[in-house]
Structure formats: structure tokens, C-alpha cells
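Protein chains: 2
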Amino acid sequence: MTAENITRVILNNHIPSGIPKPSDFTVETVSAPTAEILKDNELLVRPLYLSCDPYMRNRIKGNGGFYVPDIQAKAAITGHGVCVVEASSSNKFAPGDHITTGLFDWAQKAIVPAEGRRKVSETDRVSLVDYIGVLGMPSFTAYVGTVVLGNPKKGETLLVTSAAGAVGQMVVQLAKARGLRVVAVAGSDDKIEFVKTLGADVAFNYKTCGNFEHAIHQAAPEGIDIYFDNVGGEFLDAALMNMRHHGRVIPCGMASQYNIAADDEYRMENFSQVIIRKLTIIGFLVMEYYPTASFTEFIAEVSTLYACGKITYKIDEIVGLENGPAALIDVFDGNSVGRRIIRV
Amino acid sequence: MTAENITRVILNNHIPSGIPKPSDFTVETVSAPTAEILKDNELLVRPLYLSCDPYMRNRIKGNGGFYVPDIQAKAAITGHGVCVVEASSSNKFAPGDHITTGLFDWAQKAIVPAEGRRKVSETDRVSLVDYIGVLGMPSFTAYVGTVVLGNPKKGETLLVTSAAGAVGQMVVQLAKARGLRVVAVAGSDDKIEFVKTLGADVAFNYKTCGNFEHAIHQAAPEGIDIYFDNVGGEFLDAALMNMRHHGRVIPCGMASQYNIAADDEYRMENFSQVIIRKLTIIGFLVMEYYPTASFTEFIAEVSTLYACGKITYKIDEIVGLENGPAALIDVFDGNSVGRRIIRV
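Those protein sequences? They're chains B and U, same order as listed. For the first sequence, the tail end lands on 375 under our numbering, and the numbers increase by one without skipping. For the second sequence, the tail end lands on 375 under our numbering, and the numbers increase by one without skipping.
Be a bit skeptical, because a hint or two may be false.
Since the list can't tell identical chains apart, any single copy or any two copies may satisfy a pair.
[Said to hold, decoys possible] Straight-line Cα separation of at most 27 angstroms, DSSO-like style, residue types lysine-lysine; simulated pairs:
(1) K184 - K341
(2) K52 - K92
(3) K345 - K227
(4) K123 - K227
(5) K185 - K123
(6) K309 - K184
(7) K309 - K92
(8) K52 - K341
(9) K52 - K105
(10) K238 - K207
It should be emphasised that the hints constitute simulated quantities derived from the structure, not laboratory data.
Construct all of the structure, not just a fragment, from the sequences and the given hints.
Next comes the structure, spelled out in C-alpha cells:
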């Protein structure tokens, strides 16, 4: 029997700054790993869907300073996904199982640790792709930040940036479902149209709005109670000047800083507003909420709302792992609406 | 009957930046206000003690951007104190009562609103000066930040700046009483000696320690669980790089920035650590905790510990309101150990 060939995507070298280019990645053909080389508690998996997420930019800088380990130079890209198990040395998973949670290689087949994975199944209400979509990590991130930590109260105003992205689209809908007024910010007219269809009360394009502080004030003269921050940098500073007293800031991502060299990162001017306005800022890592009661509540609420059509979730699907680098670069460059996934 | 003359201290003009000078204030002699001009719910009071606090620097900049109203140019300095009521148009207070809480004019007699004042009495355990000392606003500030918001756990490490000040000295002792390891930072060798007598496990002088980030790491190689921040600026940035995951930052003051012009204020580099280290930052205003269950608990705990000698509180007393400007300037310049008060 001859060895099976598979496609794999590797990072050529760390990319400290700038928008990555196609030449920063290699799509290569290699021999597939086989069940014979499984060690204890490992799985041979075949990814069905892999995701391209903004936070991955920080994992290819080579600075090791992020909350998820760096992707190594000359090694496969790793990210979230939904896979089918082809072989298992774990008593928790069997061939044919579908799994998600944790990182998977961008390869048509890969060996991964069984630890921390979660078995998922297709039902009449939920398809496999939904586990990387409406029930996926970014969606749960939105839930933890908005519902668990944000302490939202009916009638309050929530501001969210990257509102058309994988996290933002769910923040908008969860906040609206709780009776909040939602101000959504995104970077193109298409995205603005999209977030309005999700229920955002006001939406504006940060690339054309002019002064951020003024634009937020125009959109929310009453001030902001919760700022769900996906971008950091100058916009965060502007948001601080618009927070109501006792407001909550949920710093979830810093997309505005991901492509910037360390020395050029934005330096914050308005931190004193935390004292003046008595703000609470809560950093969190969504992985620490798997599994918790919050995760159970998330699955129950969101799968129900989704099944009855009260929540939508936009997936921006690209077909073929060989198109992975371009798909990922698009996300880093802001050229994607919804959650960008690769159908492997 | 001829009018009674009193001493009063006024601010000549707003002082946007720099350490204030004696010539920025006027000690003047004016006619005393009298009971005849009391409106409804006002008190004619005679201050016994007035305090000089670092936060007052932000109230003489004329920018109106702080959490306590600006002191007006050509008007009396206002601050915390303990007063005796000489006349009252409020049914809550009678002549001879002692009161505290809220702001009082720096004048030997003044008319103030009765609203928000609190009656206090001398007992065999507590003298009047203690209401501006161990039971005063800075001490309660330490309690709210450390105990109510900091969520301290035995064995954790707490870092506090301005540790020899009115707030810091109580933070050190409250944390030690709860079994925390305490790293105390102050700006002179005298202050360092003082905070060690309070129980600080390690203490260092920020003026001579060299690189802040390194100095904190040397003092707490295990990392910081709670940073009680009285200084802001560069030291806060350095502390963020030393926080343990899930650490709490209690931004209480920004003494490093108070004498600096707005354009020269420090710009923060390390805010991304809030996400990376999953930190919680909680701004608060102590006045919002009067009266609450926390205040009752504070009085009960601290007055008991104080009466049995398990807590001390250093007061740095200056006699005579005419010495008020110099006493205040000392505090802004860091030349005071403990809480600086004026015995009027």
C-alpha cells in the first residue's frame, strides 16, 4: 500500500508586523500520518472545517507573549475546527466521532492530543458546521463577555467593535435579546448593512466616521454602559471618554494592534477615566469557561434561539485548504464578514 | 458687637501643572459668617481638623475633569475634616455636635450644607481626630479597594504604592491581617522604614530602585495578585507586566500624574496584559460606599483592631490653618509620611 498524500499549510517564518502575504505561507503536499504512530491518548483526525480568526495574527509574530501559544515557524498553522476521528488511542473517542474544541493542524489529516476535545453530533436542529459557527468559540466568547461578565441590564447601551465579525455579530444579537440599545462599529458599508439586519440600533463605519470620540458620542449621546472591545488602541481610548459612570469594558481583542510592530503599538491616553467614571474592566479567556455552567447555559439559549430563527450566524465559507492562506490574510485585512471558515 | 475675624485659605488661580508654590495661595483674614445668614439645612461649623490629600491636586487644575468638583479660583480650599457645629438650620444636627464626611472650607468658620454629613462622637476608644485618621475617608478607601473589591485570599501577594500615605498604610495592614504577602512601595527611606513597621514583607523606594518592572519582579518573583495603585503612570504599566493571571488591579489614585500638564501625561503601553493575563480592573469612588454595609463592617473591624493595638495609623499633624498651604504643598511633593492633617 502506498502512502496517502495530503495537503498541509505551514507558516514559513514568523511575521512580526504588517499584513501577512501569501508568500509567508506554504501549501505543501506531504505523506499522511497513520494510525500506527499514535501514542497514548492521541487521535488521528480529518478536519472538516477550520476557522480563520483575528486573534491568530498574534500567534505568528514569534514573540511568545500571547495567551495561546505561538505557531512555530516551518510548522503547520493551527486553529479551531470540527474534525472526524479516523483512529483513536483514547478511550473517550472512537473512529467516526466528530470532535471540536482546542487547536487542530491545518492539514487534511493530523494527529492531535485527545485531551480537552469535545464530542459533537449532528441533530435535526444543529449541523456540524454550527459547532464552528453559532455554537463555536467566538460565539461563546460573545456570550461570556456580554452575558456572564458584562452584567447587561434592559435599557442600557452597549457598544461593540468588529461588530460584523465572528464574535461581534453574536454580541449584537445577545444584547438585543436582553433589551439593550446597541451601537455597532465595523469597517465597511457591507458590514454596516449586515449588523443593522442583526438588530443594531445605530451602526457606523470607523474608517469614514472621522474623530472616534465624537462619532461614538453622536451614536450614543446618553453614553455607553458596556463596551465590548474587539479592537483596542485608539478606539478604546475614545470609548473610555464616552463611558457612563459604573460602565463595564470587556476587552476581548485588539485587532487594531495585531499587524503593528511592538514599538508602534498605540499608547493609551485615557486610562484615568477608569477612576473618574468608576469603570470595571474585565479581561477573560474563553477557554477557561469550557466546561462550566455558563457553557451549558450558552448552548441551551443559543441553540434554542437559533433553531427557532431568532438568532442568525453568518459564516463566510471558503472551500479547499489550499485557499487557507488567502482566507486567513483576508481576515487580518478586514475583508471578511461573519466568521471565516475553510471547508477542508 | 464687632464682627469676629477668622483665617481662611484661598486658591489664587488654577494651577494646571507643576508643584504648587506658597504664592499660589492666600491666607487671609475675613469676617466670620454668622448664624443669621443660614439658609435651610445648613450648618455653621468650626473645623477642628482638616486634611491634606494627594487627590486634591486634581481639583486645582481648573479642568473640571475629576470626580470631585474643582476648587474655584479666588475661593476657599475645600477638603475633608472634623468640625464642631456652632449653629444649625437642620433638624439632624444641633450646636455642639461633631460632624465629618464631605467637604469643608479651609476657614476657621464656614457655612456648609447639612446634606451628607455624619455625626461622630468621642468614646473611650476613639478620639475626634481618629475620624479623620484611622476611621477617615482614606482609611475607608483602603478598605473598599482591598477588602470589598480586591477579593484578597490568604497567601496571595499584594503590591501597594504610596504605601506610607493616608491610604497605603491601611492597605498594608488590612492585607497583612488577611494573611497576604505585601510588597510596599514608597518614595523615601523614612517611608520604607515606616511601612516595614506596619508589616510589609518587602518594601522598596521607587526613586532609587531603577527599572520599575525589574524592581517589582525582584520583590515578588511569584507575581502580583492584587495591585492597589495610588500612582498610575509608568509604575502601573510596570505592575501590569508583573500581574499573575486573574489578578486584580484597584486604580485608586494617580499621584504620578497630578502635577503634570495634560499633554505630558504618561501614555500606557501594556494595557494588552489585561487580556493576556485575564485581569480585572475596578475603578471606584469611596463616597458611593457611605453608608453601606461595607462602611459598617469597616468601622466595626478597624475600630476594634485599633482599640486593641493591632492596627496603627500615622498622622502627620501641622498646627494652624495659616500653615495650610505649606502643609498641602508637602503632600503634593511627597514630603509627608502618613495622613497629613491640619489642627485648625
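Task: Violated hints - listed by number, lowest first - done: 4, 5, 8
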